[in-house]
Amino acid sequence: MKIFSTDHKVIAKQYLSVGLFWAITGGLTAYMIRWQLAYPETEVPGWGFIAPDFYNMLVTMHGTIMVFFVAMPILLAAFGNFLIPLMIGAQDMAFPRLNMLSFWVFALASLVLLSSFFVPGGAASAGWTGYPPLSAKAAYTGVNWGLNLWLLALALEFASFLMGGVNFLTTAINLRAPGMTFFRLPLVVWMQLTAAVIFMLSVGPLIAGAVMLLMDRVVGTTFFLPEGGGQPLLWQHLFWFFGHPEVYVILLPGLGIVLEVVTVFSRKPVFAYRPIIYATIIAGFLSFIVWAHHQFISGIDPRLAMPFSITTIIISVPFAFVIFSMIATLWRASITFSAAMLFALGTLGVFIFGGLTGIFNGSAPVDIYIHDTYFVVAHFHYTLFSAVFFGGFAGLYFWFPKMFGRMMNEALGKIHFWLTFIFFNSVFIPMHLVGLRGMMRRIANPMQYEFLKPLEPLNQFITLSAILLLLSQFFFVINFFMSLARGKAAERNPWQANTLEWTTDSPPPHGNFAEVPSVYRGPYEYSSPESAEDWLPQNRPLTAPRAALR
Amino acid sequence: MNWFPENVSTFGGEIDSLFYLILYITGAWFVLTEGLIVFFLIRYRRRQGSKAAYLPGESLRQASWILVPCVAVLILDLWLDFRGADVWAKIKRQVPPSDLVIQITGKQFNWEIVYPGPDGKFGTEDDLQIDNELHVPVGKVVHVVLKSKDVIHSFFLPHLRLKQDAVPGREIQAWFEATKPGQFEMPCAELCGFGHSGMNGQLIVQPQEEYEKWVQEHWPKK
Numbered sequence: 000m001k002i003f004s005t006d007h008k009v010i011a012k013q014y015l016s017v018g019l020f021w022a023i024t025g026g027l028t029a030y031m032i033r034w035q036l037a038y039p040e041t042e043v044p045g046w047g048f049i050a051p052d053f054y055n056m057l058v059t060m061h062g063t064i065m066v067f068f069v070a071m072p073i074l075l076a077a078f079g080n081f082l083i084p085l086m087i088g089a090q091d092m093a094f095p096r097l098n099m100l101s102f103w104v105f106a107l108a109s110l111v112l113l114s115s116f117f118v119p120g121g122a123a124s125a126g127w128t129g130y131p132p133l134s135a136k137a138a139y140t141g142v143n144w145g146l147n148l149w150l151l152a153l154a155l156e157f158a159s160f161l162m163g164g165v166n167f168l169t170t171a172i173n174l175r176a177p178g179m180t181f182f183r184l185p186l187v188v189w190m191q192l193t194a195a196v197i198f199m200l201s202v203g204p205l206i207a208g209a210v211m212l213l214m215d216r217v218v219g220t221t222f223f224l225p226e227g228g229g230q231p232l233l234w235q236h237l238f239w240f241f242g243h244p245e246v247y248v249i250l251l252p253g254l255g256i257v258l259e260v261v262t263v264f265s266r267k268p269v270f271a272y273r274p275i276i277y278a279t280i281i282a283g284f285l286s287f288i289v290w291a292h293h294q295f296i297s298g299i300d301p302r303l304a305m306p307f308s309i310t311t312i313i314i315s316v317p318f319a320f321v322i323f324s325m326i327a328t329l330w331r332a333s334i335t336f337s338a339a340m341l342f343a344l345g346t347l348g349v350f351i352f353g354g355l356t357g358i359f360n361g362s363a364p365v366d367i368y369i370h371d372t373y374f375v376v377a378h379f380h381y382t383l384f385s386a387v388f389f390g391g392f393a394g395l396y397f398w399f400p401k402m403f404g405r406m407m408n409e410a411l412g413k414i415h416f417w418l419t420f421i422f423f424n425s426v427f428i429p430m431h432l433v434g435l436r437g438m439m440r441r442i443a444n445p446m447q448y449e450f451l452k453p454l455e456p457l458n459q460f461i462t463l464s465a466i467l468l469l470l471s472q473f474f475f476v477i478n479f480f481m482s483l484a485r486g487k488a489a490e491r492n493p494w495q496a497n498t499l500e501w502t503t504d505s506p507p508p509h510g511n512f513a514e515v516p517s518v519y520r521g522p523y524e525y526s527s528p529e530s531a532e533d534w535l536p537q538n539r540p541l542t543a544p545r546a547a548l549r
Numbered sequence: 000m001n002w003f004p005e006n007v008s009t010f011g012g013e014i015d016s017l018f019y020l021i022l023y024i025t026g027a028w029f030v031l032t033e034g035l036i037v038f039f040l041i042r043y044r045r046r047q048g049s050k051a052a053y054l055p056g057e058s059l060r061q062a063s064w065i066l067v068p069c070v071a072v073l074i075l076d077l078w079l080d081f082r083g084a085d086v087w088a089k090i091k092r093q094v095p096p097s098d099l100v101i102q103i104t105g106k107q108f109n110w111e112i113v114y115p116g117p118d119g120k121f122g123t124e125d126d127l128q129i130d131n132e133l134h135v136p137v138g139k140v141v142h143v144v145l146k147s148k149d150v151i152h153s154f155f156l157p158h159l160r161l162k163q164d165a166v167p168g169r170e171i172q173a174w175f176e177a178t179k180p181g182q183f184e185m186p187c188a189e190l191c192g193f194g195h196s197g198m199n200g201q202l203i204v205q206p207q208e209e210y211e212k213w214v215q216e217h218w219p220k221k
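Residue numbers (numbering that gives the first Met the number 0), protein chains in the order written: chain A, 0 to 549; chain B, 0 to 221.
It cannot be assumed that every hint is accurate.
Rough simulated footprint, nothing fancy, chain A against chain B, three-plus residues with beta-carbon under 8 Å [stated by the list, open to error]: (1) 17 to 30; (2) 51 to 65; (3) 87 to 96; (4) 147 to 155; (5) 158 to 169.
Once the Cα atoms are required to be at most 25 Å apart in a straight line, the calculated SDA-like pairs of lysine to any residue come out as [said to hold, decoys possible]: (6) Lys-452/A - Glu-5/B; (7) Lys-146/B - Gly-298/A; (8) Lys-106/B - Lys-413/A; (9) Lys-413/A - Pro-4/B; (10) Lys-50/B - Arg-491/A; (11) Lys-148/B - Gly-120/A; (12) Lys-452/A - Glu-184/B; (13) Lys-50/B - Met-214/A; (14) Lys-106/B - Asn-538/A; (15) Lys-148/B - Arg-440/A; (16) Lys-148/B - Lys-413/A; (17) Lys-89/B - Trp-78/B; (18) Lys-136/A - Phe-108/B; (19) Lys-148/B - Asn-538/A; (20) Lys-452/A - Pro-4/B; (21) Lys-89/B - Gln-172/B; (22) Lys-106/B - Met-446/A.
Derived by calculation from the structure, the hints in this document are not laboratory data. Using N, Cα and C, we set each Cβ at its ideal position, and we do this for glycine too.
Input sequences plus hints: build the corresponding full structure.
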């Protein structure tokens, strides 16, 4: 396998590898954060004492790593790169060399971020949202180069994903196989495309903001510093104008994976295929006008809060539609509980909880109290962990045979699911309660506050569960590498699925298809009356008698 | 079960009851959706010889199975929006006239509290400045003018359900009326640097006579 490859499948695996590396790093930061919260002022086993400024660095890097260097590369770049050409029947991306450049720019971003840990002063510690003035002057955090490199890493990552987004769109619009109309595209492709559009339209303001912040730090401008007439709140608007759509950029590909997996293992068409696409696009539009719900108590005009509160709560409607569609797909189905299906159902179950707790945060008056508490932290882990990890694992267990030509071990996969599901909930359900008792985010030691002291046992329970949650992931790591080396050889279509990637070899050769496939129907014709089997591949021609009947 | 710390402000109860309203509505949806999922998973697990139904859900008749619940979601959303708008207006827009105005300035890592002194004006010689200790009388409307000297801090009174960021370069108004005497914590809720954890003050709510006694003893004389 060439390292400098233009093959979209190789690039997908490269993104996946780097994403998984960062996932381990992000997991370690979570472990250190949780230890400190449960047993403050004690040595973290395997590390040592955590000073308060180091703690701030940990929470900053945990958020940065998990959102930008795990969720984005795995859900968008790895799955998008692997699936889009294969599912639309193309030989590769529209711009293979741009695709390669996109990965290597991302690799450079990763190196820059990694190096920021080792410069004097340490890595960024102004929160993953980098609010100025804290982030705008080295004197406020004691971090100088760490924060500059943090900004540089983000800028490089955005450049990389802009190239990726252009590629995704061009490929899906121009390289579809004959017969693959837009309304025959698998939903995961639709979701990837919507995510790419949302990302490209929202990232501009943040890039501008990042350049301004870097200039405040390095050149001495005062875009965000009030002593020179700057506005700290300007950054928050620029950041969240991107930051909230970004949530859906991550969520949509996760939901797309779940829709594919749930349909295949229900042996039933996805319920309401076209309306789901419309709901996704509506959600995409709405995602641009909700951002100020992060700023209800930031000092914006109180009259501005209600419109944003309304849009935020209304965005539940298109997502409710997608959720109801998934549930209706299970109705009168014929369900097999594979490891991939368990993770897909886990995503669904967990995401419902996270969506519902979002209503509390979206209600401006309630947010006055729960803003910046652990209730918010618990809420967004329910939405993002479900999309990124439950959804990502569903995708990996499902497409692993196609990616690597070998089957994964189902029994280990199921153990992995149940442990992850149990410990995930035992981490994050109690975290809501901790938040409702008022515990603030990003404090290093809750025992410094009288009103938080009674929460100590609950915090210790959360930490022990979190450690078990992290250890449960070894079942995946073992399964992944064992299957890679010695897994059963995968046939072309082990799950009897309809979409085009299953009609070629596992793994597909360079160029993907021996001949360009022709497409005759939508992707979800399971248990169709037109077929004797309970599946009907997109590329199977209409049978002669059937055709004659028409 | 008590989800929150004790509420001791006039508007805190409104926030709490809005929270519970959302809790009941979302709780009902949670039970309904998760219950249906579990029921379907058991009822429609793969069995020998059974085939799934072919239900694309594209026709309006079939799609109405999920469109109707979506309309229900929309109606409940709007209800919560209107209830929320009322509570928000009560807290943020219909601010009652003040009995006492206090300036609170966040700085790494303390709350600097300034009373106007006997002349009732800030920036004069008889101002009283103390760190991290906020004395107020019970049952009086207190206006707080929030400022910051360096980075963004967030003024948080968990027992009064009050949180408001203090932004450098701005003067932001907040208000509260405590309903019960006692001592309550006043932490910073926005990451503000290495001393953020532990940046904390005390709100001391006193009966009127006690508060006046404290004023007599501590405020500069005319």
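A quick look at each hint next to the structure:
no. : hint                  : in the structure
1   : 17 to 30              : holds (count 8)
2   : 51 to 65              : holds (count 11)
3   : 87 to 96              : holds (count 4)
4   : 147 to 155            : holds (count 5)
5   : 158 to 169            : holds (count 10)
6   : Lys-452/A - Glu-5/B   : holds, 15 Å
7   : Lys-146/B - Gly-298/A : holds, 11 Å
8   : Lys-106/B - Lys-413/A : violated, 52 Å
9   : Lys-413/A - Pro-4/B   : violated, 40 Å
10  : Lys-50/B - Arg-491/A  : holds, 23 Å
11  : Lys-148/B - Gly-120/A : holds, 24 Å
12  : Lys-452/A - Glu-184/B : holds, 12 Å
13  : Lys-50/B - Met-214/A  : violated, 64 Å
14  : Lys-106/B - Asn-538/A : violated, 67 Å
15  : Lys-148/B - Arg-440/A : holds, 22 Å
16  : Lys-148/B - Lys-413/A : violated, 54 Å
17  : Lys-89/B - Trp-78/B   : holds, 17 Å
18  : Lys-136/A - Phe-108/B : holds, 16 Å
19  : Lys-148/B - Asn-538/A : violated, 67 Å
20  : Lys-452/A - Pro-4/B   : holds, 12 Å
21  : Lys-89/B - Gln-172/B  : holds, 15 Å
22  : Lys-106/B - Met-446/A : holds, 22 Å
Figure legend: structure checked against the earlier numbered hints; hints not met, in rising order: 8, 9, 13, 14, 16, 19.
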